[in-house]
Amino acid sequence: SAVISQKPSRDICQRGTSLTIQCQVDSQVTMMFWYRQQPGQSLTLIATANQGSEATYESGFVIDKFPISRPNLTFSTLTVSNMSPEDSSIYLCSVDPPTGASLEAFFGQGTRLTVV
Amino acid sequence: AQSVTQLDSQVPVFEEAPVELRCNYSSSVSVYLFWYVQYPNQGLQLLLKYLSGSTLVKGINGFEAEFNKSQTSFHLRKPSVHISDTAEYFCAVSTSYNTDKLIFGTGTRLQVFP
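Chains as they are written, first to last, in the numbering used here: chain C, 1 to 116; chain V, 1 to 114.
Isolated chain C, as found in the complex (with noise of 0.2 Å):
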C-alpha cells in the first residue's frame, strides 16, 4: 500500500491568485496523478507526472493553467494557477502501488479550495 500526505488539506483564496498544492508518498513510485473534483462531480484527471519528465495533461486542462512539478519519486506539486470561482473543486493526488501489479490507485484526502 502506500500513505499520501496531502498539504493544505483546504484554503480560500482570492480570484487572480495562485495556490501550489503538495502531495508526499511515503514511498518511491512510478506514477502521479492529480485529478479534480468539482462540487457535486466525479473525479476528473487533470494529468499523470512521471518524474524526470513533463506532465501529461488530459483533454480540456493545460500546463499554464495546472503546472505541475514532479522532482523525485515521492513528491509532486500542482498549481492552480490565475484561480477563478470555477477552479473551487476538491483535488486529489493518486497513485499506483509500488508493485503495480494489482492496478489500484491511492488517493490522498484531498485538498479543498474555495475561490472567491
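The set of hints was computed from the structure by calculation and includes no laboratory data. Be careful, since some hints might not be right.
[As the list claims (entries may be wrong)] Some chain V residues flagged as far from chain C (calculated, every beta-carbon gap over 12 Å): (1) P12; (2) E64; (3) E66; (4) A92.
[Claimed, not checked] No more than 30 Å apart at the CA atoms, straight line, and that leaves these computed lysine-lysine pairs for DSSO-like: (5) V:K69 <-> V:K101; (6) C:K7 <-> V:K49; (7) V:K101 <-> V:K58; (8) C:K65 <-> V:K101; (9) V:K69 <-> V:K58; (10) V:K69 <-> V:K49; (11) C:K7 <-> V:K101; (12) V:K101 <-> V:K49; (13) C:K65 <-> C:K7.
Beta carbons: idealized from backbone N, C-alpha and C, even for Gly.
Here the structure of chain C is known, so what remains is to put chain V in place on it, guided by the hints.
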C-alpha cells in the same frame, strides 16, 4: 473510449437493510472495474476490484460486486448496511491498454438512516 454510468445519484436506506448501487460501463476493449468509497472529508478508498477470474468479487466492509459482461454491469451490493456505510461510492473503469487511467462514474451517495 470508455465511460461509466451510475444510475442513482442518491440511495437512501434504513440500517440493516440490503442495498445495491448500480454501475454500467461502456468499452470496446476488456476492462478492469473498481468501486471506491469516499467518506466525508476524506480521500477515496478502494472497496473492491475485478481484474479477471470469478465474476463475484468480495471487498472490504462486507461489500461485494458482480461483473456481468453481457449486461456491461458491475453492481455493488451489501446484504445489511450500517450507519457507518454512509458515504459517496464511485464506480471506475480502466483498460488493459491504459491501466493507469481511471474513468470514474458520477458517484452515488448512500445515506443510511437509523
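Here's how the hints hold up against the structure:
Chain C leaves P12 of chain V outside its interface by the beta-carbon criterion, the shortest separation being 17 Å against a cut-off of 12 Å. The Cβ of E64 of chain V lies farther than 12 Å from every Cβ of chain C, with a closest approach of about 17 Å, so its non-interface assignment holds. With a closest Cβ-Cβ approach of about 19 Å to chain C, E66 of chain V is found to remain outside the 12 Å limit, as its non-interface label requires. For A92 of chain V, the shortest C-beta to C-beta distance to chain C comes to about 8 Å, within the 12 Å cut-off, and the non-interface label is violated.
About 21 Å separates the Cα atoms of K69 of chain V and K101 of chain V, which keeps this hinted pair within 30 Å; it holds. A distance of roughly 28 Å separates the Cα atoms of K7 of chain C and K49 of chain V; the hinted pair therefore holds under the 30 Å criterion. Only pairs whose Cα atoms come within 30 Å are accepted, and K101 of chain V paired with K58 of chain V is accepted, the gap being roughly 23 Å. Distance hint between K65 of chain C and K101 of chain V is fulfilled; the C-alpha atoms sit about 21 Å from each other, no more than 30 Å.
Taking the CA atoms of K69 of chain V and K58 of chain V, the gap is near 17 Å; set against the 30 Å cutoff, the hint holds. Between K69 of chain V and K49 of chain V the CA atoms are separated by roughly 15 Å; this keeps the pair inside 30 Å, and the hint holds. About 23 Å separates the Cα atoms of K7 of chain C and K101 of chain V, which keeps this hinted pair within 30 Å; it holds. Under the criterion of a C-alpha separation no larger than 30 Å, the hint pairing K101 of chain V with K49 of chain V is consistent with the structure, at around 15 Å.
With a CA separation close to 19 Å, the supplied pair K65 of chain C and K7 of chain C stays within the 30 Å bound.
Figure legend: structure checked against the earlier numbered hints; the only hint not met is number 4.
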